[in-house]
Each structure stands twice: as structure tokens, then as C-alpha cells.
Amino acid sequence: GRDRLPRPWLPAGLRLDGREGAGEVQTPLVGPPADDLLVGDKVWFRHAKAGELCERFAALHLVDGDRVVGTVPTYRGEGQAFG
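Residue numbers (our numbering): 47 to 129.
Heads up, some of the hints might be wrong.
[As the list claims (entries may be wrong)] Restraint ranges, calculated between C-beta atoms of paired labels, are given here:
| # | residue 1 | residue 2 | range |
| --- | --- | --- | --- |
| 1 | R53 | D112 | 16 to 24 Å |
| 2 | R53 | E101 | 16 to 24 Å |
| 3 | R122 | P78 | 32 to 40 Å |
| 4 | G77 | E124 | 35 to 43 Å |
| 5 | P78 | P52 | 25 to 33 Å |
These are calculated hints, taken from the structure and not from any lab test. C-beta: ideal position from N, C-alpha, C; glycine also.
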């Protein structure tokens, strides 16, 4: 379902196009900031599933506001693999 899709986070005000979800190569976005985006601009997404991040990175940084308050290893960082 839609709760399993990543969500656009920054720039604020973006959302997924209701006709098409998030893709591997391109993801149509709508909302006021979309008109100002250029090819190559970065858009940050919040993952719906932690495994998407944990299988690719050795650690996650814990952020509170604008401060990194800690770092924790992922299962990859602990030398684990699940498949």
C-alpha cells in the first residue's frame, strides 16, 4: 500500500504524483517546490522500510533537529546479511 512508499521530505511541500509511485530512476513529484527543481537537484526522501537503508550502509546517524546526537551500526555494519 501507499504506507510502504518513501515520502518526499525536503524540499518541504513535495508529494508523490498520485498516478505514479516512487521509481528507481525517476519519480514524478508535485507540489509548489516542484516547479523550481532542475535536473540534478537533490530531493530527500524518508524511507518507509528501514531495510532499504540498512542493507546499503554500515551505520545510521541519529538526528535531533539540526544536530547529530548519535551513530548506531546497521546489520551490515555488524557484518550480518539477510537474504
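Do the hints match the structure? See the list:
{"no.": "1", "hint": "R53 to D112: 16 to 24 Å", "result": "holds, 20 Å"}
{"no.": "2", "hint": "R53 to E101: 16 to 24 Å", "result": "holds, 19 Å"}
{"no.": "3", "hint": "R122 to P78: 32 to 40 Å", "result": "holds, 37 Å"}
{"no.": "4", "hint": "G77 to E124: 35 to 43 Å", "result": "holds, 38 Å"}
{"no.": "5", "hint": "P78 to P52: 25 to 33 Å", "result": "violated, 20 Å"}
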